[in-house]
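S.K.: With chain A fixed as given, assemble chain B onto it according to the hints.
Protein chains in written order, with my numbering: chain A, 5 to 575; chain B, 108 to 551.
Please note that a few of the clues may not be correct.
As the list claims (entries may be wrong) - If you only want the chain B side, here are some residues facing chain A, beta carbon under 10 Å, derived:
1. L209
2. V237
3. G240
4. L272
5. A275
6. T300
7. S314
8. G327
9. D335
10. R463
11. D466
What the hints assert, rightly or not - Capping the alpha-carbon separation at 20 Å, the derived lysine to aspartate or glutamate pairs in EDC-like fashion look like this:
12. K331/B <-> E210/A
13. K307/A <-> D273/A
14. K307/A <-> D327/A
15. K505/B <-> E548/B
16. K307/A <-> E371/B
17. K246/B <-> E351/B
18. K287/A <-> E375/B
19. K325/B <-> D212/A
Keep in mind the hints are simulated off the structure, nothing from the lab.
No experiment lies behind these values; they were computed from the predicted model shown.
C-beta: ideal position from N, C-alpha, C; glycine also.
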Amino acid sequence: MFAAASPVLRLRLALAVMTPLLTWSCMPVQSGPVAGVAASAAPAPVGQQIVAMRRLTEAQYRNAVADIFGPDIQVAGRFEPIVRPAHQLIATGAASASISPAGLEQFDAMARGVAGQVFDAKHRAAFMPCTPKDEALPDEGCARATLTPIGRYLFRRPMTAEEQAAVAGMAGAAARTSGSFYTGLQLALSAMLTAPDFLYVIETAEPDPDRPGQLRLDNYSRASRLSFLLWNTTPSAALLAAAERGRLVDPDQMQVIAEDMVKSPRLEDGVRAFFSDMLMFEKFDDLAKDPVVYPRFNAEVAKALPEQMLRMLVDELVTRNGDYREIFTTRRTFVNRALGPVYNVPVASRTGWEPIEFAPDDDRAGILSQGGFLALYSHSGRSSPTLRGRAIRERLLCQPVPDPPGNVNFAVVQDTTNKEFRTARARLSAHANDPSCSSCHRITDPIGLPLERFDGIGAYRAQENGVDIDRSGTFEGKALMGASGLGMLLSVNPATTECVASRVLEYATGRSTEDEDKVLAKLEQGFSSDGYRFSALLLRIATLPEAYQVRAAPLGAPSKVALSSIPGATR
Amino acid sequence: MTFSRRTALRGLFHGAAVAVSLPLLDLFLDGNGQAMAATGAPVPIRFGTWFWGLGVNPTRWFPDKTGPDYDLKVELAAIKAYQHKINILSDFNIPLDGAPNLPHTSGGVGIRTGRAANGEGNLPGASFDVLIGDQIGTKTRFRSLEIASSGGTRNSLSGRGAGNLNPAENSPTALYTRLFGPGFRDPNSSSFTPDPTVMARRSVLSSVTDQRKALEAKLGASDKARLDQYFTSVRQLESQLDVELTKPAPMEGCAVPRKPVEREVNSEIENVVENHKIMTDLLVMAMACDNTRVFNMNFNNGASSLTRIGSTITHHQLTHEEPLDNRLGYQPDVTFFVDKCMEAWAYFVGALDGVREGDGTLLDHSLVFAHSETEFAKLHTIDNIPMMTAGSAGGRIKTGMHIAGGGTVVSRVGLTLQQVMGVPVDRWGAQSLETNKPISELLA
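Only chain A is shown next, with the shape it has when bound in the complex (with noise of 0.2 Å):
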């Protein structure tokens, strides 16, 4: 299923043989996108405001611009970085996210890259409905014609009939001064792809029929919400339509669609970017190795790693449509030739990725012993039981974790060759001694150091420096041995389940699910009567009332939107 090229939505007209777009059953199949909606405006809302401003991540922009222009057309440039909130998520950061001057230079730069494209000689057939009279003058009629469709893609609603007059008119203001009808289109659509309706997600609310005085999102609200949750991508053309019929704001048709959804082979681009967030992964940009250290270590080594657990994730959340608690104990993965060496096995394949799967008496079981997790949390040296402890405390279960005093005396954790603490073991336990850190190192440690036979880059090792390695732990008064006795315990443990559960509802909202306890304890109720199916958990979560109900706020003062606080909320 790698190999299978994701359905692209290409606005291209050659496809778009006025496909009627009448029935959501043809919903993977997307081509023909355009015409017969392309014309209408949005009519003027009612009431409407704005409740959440999301910015687009980098993998949702480089997605929504090969969704609506084709995989063709190159995105090169650097995203100014959304600032991931203390043990949150990107997607919570993404929207408090502003656009810098620095930041807003690149997505200039970048768009003009895209339009450049999009208009050139090679592809602009596929994208106008129409020939200008001369090459080197402006029609605005043309223009018009041609940005109205593929701005209903990037603003994931229709235009408006200001909006369209505006970028036709800048269509037309750059033609004349550049003197090409293409350039003018280029820069109009360089304009469009640098707009605060493109590069964030804008949610808007209406009045809620059902709820007098209070908000729902409105359809295209949760188109958005839908695609992007499920997809990681911008709203499909039959996901848009779907929204202009108002079908988005009834439960019954929302269930449907949000199940074909799930159901689609690109939910694995949408469970790929939920756990880049929730596992932290751009912390693998900063990933280094000592190469004295780890001589098998290289850059080829530091893409497959994260690329290999989310192949693990895909495969058993996504193609074999598992049970969450399994990826704690999975003994299938994948590796490819950059892997081979750090995990000691022969890859025949020269640029794939092979399927393997672990003997039942190997150590190598679940999640906490792939290489990337293994890796991540680590010195660049030597392996850390207390890094890789707290990482599984606050990402898996969330639990956060408190921070070292600021003044900790690291003098007994000497260097890796102590002659006296030979062992990570032996050097946390004198350094634990003191009891300032060993409140938190009880937390961490227990369920770190039976992941120690692991070394700091993954690779299986017995010993340290001469000593057999003691692959003992705790967790929850429970004892147990290694990385298959600890994923065990964590697969059985409520909190495992109730984490996800909470990870993919702030995800989906962009907000902090900190109050949302009666709304959580719902969830994982559901969750567990799915039999844990992630994608079951995705699908509630995509369709749950709750998350698309918005409190009224006078206009002018920020939008507080607490799912809890709304009343009938968990009903």
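M.R.: Okay, now just chain B, sitting in the frame of chain A:
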């Protein structure tokens, strides 16, 4: 040098480019060396910061003597040639009013924002370099340049707060392309032809701003602030284009550098030192060509991820785990990195001082503020963080002094620097860090 977009656009109507030919002047500056002869405009004064992570060994770094002609300790030996142009600032404190001391975050953030840090990777308010940029950075192609020779694009202490952090450029070649690729206009070129595409972009951007009202009508206050930030960024882009459409004033020190070869971007110290050199040279030339007047250069990051081939751990871990050498009285492997940082700082100052401008150098027409984020990293101390200034900002401040703050708040430094750079501010910082007392000893 005021620029009218309308007049420039009119000159290019119907796409007919007009070449404005000006004789290349032999003498760029007028008799007293403080203004450019061609335009009468004053020599631009630049401001920037230079950051290094993980502090110093205090007894081996801070001078004993205050005032002029301070004694140079061993860890400051690298700056000897420029000592008369460098001030050392010691004994300024960062009270946190009960907020936690977030290791490697609170110090740098406190210095730059005058506020207690509220989380990693975020700023609790605008950093003062941005406020200075609002004052002096609006007439150049780039309002400011953020560069990090290690530590990733998030290695930045510059931003407006509220989720905004100016991303740092890490790659020498990407920096070169941004500065000297398409869009760069050589100020010393004898002819000038405004680019019609740039003119068209400029007019398109104006229309983007026209869309603002429709959005604003539907916005709550917090999102309105973010939309304001967005349109501030659009205005900055507009003024960049205005600059590209204006015949630049000739710049004596400007010589377009050659494109650097593609290099690895990582945390290995020797590579970082080399990348820092290359990016310093590019930045210096960008200022000599007056493409920017504000910069933030980060040599390494707060919890420094610098590594040294053959060592099992990073600079940061070394500060925690390397034992104090009883005979030496310091951590030798940590000190290796401290020395590398100071050598890089000396290189940076030297690069600025190497460009002649009128009766002085680019450094003389700049004010560079260097600082770390801890005093002594092993203990995460944030009082007495080592800080320096280099350059006299065109004679606005005294140099060659060691000034001890006597335990007063570090926000006095930020306040002073803003005032020197012309920001109309008489009180800055929050809670215990709020101050209205600039460091008068510094002012010329």
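S.K.: Evaluate each hint against the coordinates.
M.R.: Hint-by-hint comparison with the structure:
For L209/B, the interface hint holds, the least distance from its beta-carbon to any beta-carbon of chain A being 7 Å, beneath 10 Å. Interface restraint check for V237/B: the shortest CB-CB distance to chain A comes to about 9 Å, inside 10 Å, so the restraint holds. Given the 10 Å rule on beta carbons, the hint for G240/B holds: about 9 Å separates it from the nearest Cβ of chain A. For L272/B, the interface hint holds, the least distance from its beta-carbon to any beta-carbon of chain A being 6 Å, beneath 10 Å.
Satisfaction of the interface hint for A275/B is found here, the shortest Cβ-Cβ separation to chain A being roughly 9 Å, below the 10 Å cut-off. A cut of 10 Å between beta carbons decides the hint on T300/B: the least distance to chain A is about 14 Å, and the hint is violated. Nearest Cβ of chain A to the Cβ of S314/B: about 5 Å, under the 10 Å cut. The hint holds. For G327/B, the shortest C-beta to C-beta distance to chain A is roughly 5 Å, which falls under 10 Å, so the interface hint holds.
Nearest Cβ of chain A to the Cβ of D335/B: about 9 Å, under the 10 Å cut. The hint holds. The restraint placing R463/B at the interface with chain A is violated, with a minimum CB-CB distance near 30 Å, outside the 10 Å limit. Because the beta carbon of D466/B sits about 33 Å from the nearest beta carbon in chain A, more than 10 Å, this interface hint is broken. For a cut-off of 20 Å, the pair hint linking K331/B to E210/A stands: about 19 Å separates their Cα positions.
Between K307/A and D273/A the alpha-carbon distance is near 18 Å, which keeps this suggested pair within the 20 Å criterion. A threshold of 20 Å between alpha carbons decides the hint, and for K307/A with D327/A the separation of about 27 Å lies outside it, so the pair is violated. For the proposed pair K505/B and E548/B, the alpha carbon gap of about 8 Å is at most 20 Å, so the pair holds. Distance check on the hinted pair: K307/A and E371/B sit about 15 Å apart at the alpha-carbon level, within 20 Å; holds.
Distance restraint check for K246/B and E351/B: the Cα-Cα separation of roughly 11 Å lies within the 20 Å cut-off, and the hinted pair is therefore satisfied. Between K287/A and E375/B the alpha-carbon distance is near 17 Å, which keeps this suggested pair within the 20 Å criterion. Between K325/B and D212/A the alpha-carbon distance is near 17 Å, which keeps this suggested pair within the 20 Å criterion.
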